[in-house]
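> Protein chains in written order, with the working numbering: chain A, 1 to 302; chain B, 1001 to 1302; chain C, 2001 to 2302; chain D, 3001 to 3302.
Keep in mind the hints are simulated off the structure, nothing from the lab. Some hints could be false.
What the hints assert, rightly or not - The list that follows gives simulated cross-link-like pairs (lysine to aspartate or glutamate, EDC-like), each with its CA atoms no further than 20 Å apart:
no. : chain 1 : residue 1 : chain 2 : residue 2
1   : D       : K3156     : C       : D2180
2   : B       : K1157     : A       : D180
3   : C       : K2157     : D       : E3291
In this text, all values refer to a predicted model and were calculated from it rather than measured experimentally.
Residues per chain are reported as follows:
Protein chains: 4
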Amino acid sequence: MQQYLNEIYEEIKQTHLTGKVASYIPELQHVDPSKFGMFITDVQGNQWHIGDHLDLFSIQSISKAMTAALVFSIMDEALWLRVGKEPSGSSFNSLVQLEYEKGVPRNPLINAGAIVMADLLIDLLNDPVPDYLNFVRKLANDGSIEFDLNVFESEKKTGFRNIALANFMKSFGNIHNDVDDVLDLYFKTCSIRMSCKQLADAFLLFTNHGFHKNTGEQILTVSQTKRLNALMQTCGFYDEAGDFTYKVGLPGKSGVGGGIVAILPNKYSVAVWSPVLNAKGNSEAGMKALELLTTLSGHSIF
Amino acid sequence: MQQYLNEIYEEIKQTHLTGKVASYIPELQHVDPSKFGMFITDVQGNQWHIGDHLDLFSIQSISKAMTAALVFSIMDEALWLRVGKEPSGSSFNSLVQLEYEKGVPRNPLINAGAIVMADLLIDLLNDPVPDYLNFVRKLANDGSIEFDLNVFESEKKTGFRNIALANFMKSFGNIHNDVDDVLDLYFKTCSIRMSCKQLADAFLLFTNHGFHKNTGEQILTVSQTKRLNALMQTCGFYDEAGDFTYKVGLPGKSGVGGGIVAILPNKYSVAVWSPVLNAKGNSEAGMKALELLTTLSGHSIF
Amino acid sequence: MQQYLNEIYEEIKQTHLTGKVASYIPELQHVDPSKFGMFITDVQGNQWHIGDHLDLFSIQSISKAMTAALVFSIMDEALWLRVGKEPSGSSFNSLVQLEYEKGVPRNPLINAGAIVMADLLIDLLNDPVPDYLNFVRKLANDGSIEFDLNVFESEKKTGFRNIALANFMKSFGNIHNDVDDVLDLYFKTCSIRMSCKQLADAFLLFTNHGFHKNTGEQILTVSQTKRLNALMQTCGFYDEAGDFTYKVGLPGKSGVGGGIVAILPNKYSVAVWSPVLNAKGNSEAGMKALELLTTLSGHSIF
Amino acid sequence: MQQYLNEIYEEIKQTHLTGKVASYIPELQHVDPSKFGMFITDVQGNQWHIGDHLDLFSIQSISKAMTAALVFSIMDEALWLRVGKEPSGSSFNSLVQLEYEKGVPRNPLINAGAIVMADLLIDLLNDPVPDYLNFVRKLANDGSIEFDLNVFESEKKTGFRNIALANFMKSFGNIHNDVDDVLDLYFKTCSIRMSCKQLADAFLLFTNHGFHKNTGEQILTVSQTKRLNALMQTCGFYDEAGDFTYKVGLPGKSGVGGGIVAILPNKYSVAVWSPVLNAKGNSEAGMKALELLTTLSGHSIF
């Protein structure tokens, strides 16, 4: 494994990235575009890493997988009354599909779907904001994880598309709580800062049939875990899910902060970070690194 | 004319209306569904009326024609940099078209377009809210016209679709001011209460080549007036513009409060009110009454 | 009138056209782009003309207004069971709207709608192809009018979009006859060659309350004529209907052969021809000429 | 395995199916709706089966996976210049997405994509119809496989949606050969009749890293096989791909003849057939049977 990481690191360092750091959230623009880190942890507890694997970055949409896990663990199949489980087939903030489907988002891993999840969490949790943070800390087994309030404020002030999505779904009756409260929680979940190490640790849940890696607690059932993995496979990469599946062949989730986490069921989870994004909004070097990893290792679910 | 009104009144009173009073704004539901009024005024100053022609009702989208007139009178052709002048071809609050056309609404007479007009008025007027009200009072030559603050508050609390539209356009850069300020002005313009008499008087502007009926002041140029009339012809009735043009053959504008105003250029303006709406959101009896008027009188622009 | 035509001619001759001759039908590319003709005829029988007003050109979509008149004169309101009467709000060969509306075209003046009309004519006429030609000859009072079989063959071989439209509607059950037969008739109607004079003469029908200009025969009822004029106003210019209405203010119909016919109800009909098209598929100089005509003359229905 | 099949058979026999046999191709309506067969073959050559596993049925869209394999084996990555590899996100014969994406289908496993594949095969094969049949016979190691000319003729006469798709793509330049020739080949590939046994045998190619199960010939590279499996995972079930992935967790392909084939990479391929379809166009009992198989066996790629 370490040898693969070394090879990947060499190749990425020589790659000229053509994309750009995310600019739609002003606060995210200040990140050093040359950053690159990668961390792998397997179910036996082995760990391998390279580069800036302990640097904290904004996880953004990667939080959607953890949000879906938390809601699914509480509601089980009742979740699907409020959101679909099909790929969206169009870019991640499209209102068109939402209009045709009467305010029901295609899946919980796109923005509209994650906003519905936030609406559900307000009903399901006692104290949604700290409870959510504690869930993430538990998954990663790391109590130091925090929200980034600058990113939160920045997104709240400029996230007009997400405000539009939430109000649009509210007009269809698919948001039950106050729109501002729902968006507050949604933007908070996106603003969490984590390192590659923390993300790989947290996603062991999905690798490990729903059991917590350290405590052995069963957070998701085997069946729920399998199903969330399937969702990440078909819906985890915006409009590039097909291409990611095609090239990498692992379930995963990306974020516009430049992070990607992927898992090989029953084997390992891997997190990679590089803030330069391709035209589809996924980390350019991160996609490349994961493609190299599965090519070099021969690992793939297919 | 009076004989036509009498005949129309008889026929409407015997018609069983199958639609419903607008319910999407809670405050509008309290209107008596059996109300019906009609008022005609010509350029010579003659007036004819029937039924509840002095009752005040919520003008709602009828305000859009006056808003467009006010903006057009100040900006002239520069207006069309921010909004189109083509029919929308889909229902009045569709986000689909807005997404394909990058946040530029199809015309100023649909909700999205009128929200852009409100954004412009904030830049163009010294004190937008009272200045707008004064413009409407001037057109109708009646200083008693007021906003209905209950309707305003009701719409502000429940107008999720319009909040979505405004934020969506803001995300494309086509709203320049604070979204809340823009929506405040927009909801205020819709909340104005007027009678059939006041509306018919106000719309004499469009009948009368842009000249004020009493003072003779030229508010719109002849060319601007002709162009706004053309816009009302093709875009004044949501998704039913074609059918209205087909059956009535006069330019006009309707609102979900149940009012419709139409004009025969150079001759007269006519306002009708009945709060029961058809499936397209236009007054059921109002559409019928105008169709009868043009059939009985033989008046039509075609 | 003649003075207006002279002024228009001067101005058009000095205008640098930026568009292109229609290329999607190979046979239409061979037209001389510098051609320009205009012909006006009024209900009293007066005539004025300028330029190449006797040159024959391919009328293309202008035929749709005559097709609609023929079907409407036979079926009356039953026509609207098969086609709508609302503006299309998107470009003239869009399949999107057709898919959402289950194979029912928005109006008879777009391609899909005219194909449905051709399907109806096969059921309504004894010998559709010659019967249709005779109807056009009667309207223009000119037995020399012919199909252009080169254009017909050219369009039949390359009209993939129209073949797609017809088969798509057939899949929804809105085409009753054999698709090839329907398209044959449709392409034939588009291939007719006429001059500005012949077109202006034929469209006197719409100016003249449905009465034939020479024989006095009532071909359409007054009401039917009024309604077709209203349709031409809202739907006659593809995606540019709003702009044409806005600038010209007359009902009319254009074709990609570069012809446009418009009418001032009860007064006159006017045909103009210049083969260079703007981005929307309407004659660039033709649009300009009609805008000048209504500006110079002050004529407009608004 | 046999025990799982027995249990599935018992459960299916007691299930009341609520769907209907495919009716859009008249010839397919004559199938006995109570038929049910299932066949599993693993890479060691073991075989298990139940019910009507030797009955021949119309494979319909299942052919698309074999067509994609044949084209991919010849063109390799150049294939993706003509078709995408993303899920379609809307129903299997939508023209909307095709219009927005300028005639390039989302993936080779939807109708539009498979029509483009047929266009490519005309260029790539010496004698497309027999060459294609021979490829399928080789995959299944069974020279008795034939086209069903009644189904072919039936589909050719009534496949208006597919004729529309092909002409629409031709209008964008994404079909190079004569539309009739392309559709002839496309309808032929869909009309092939195979049994569950033959299909399971043929799909061992995808289970077995691209190697032919009997001859050992490498038909696809390991990488190509992995990539086609990934495509089947995200795009193999029309608008139900997400739900299938979610419930079954195996790559596969279904057809409106009621057949479904799925594979567990490196282990086995399984074919199931029951002609009653659910609302999405997939075999109702077939979906259920595969869900039971992965639940009982614990097999899934996730």
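> What are the numbers of the hints that this structure violates, sorted from low to high?
3
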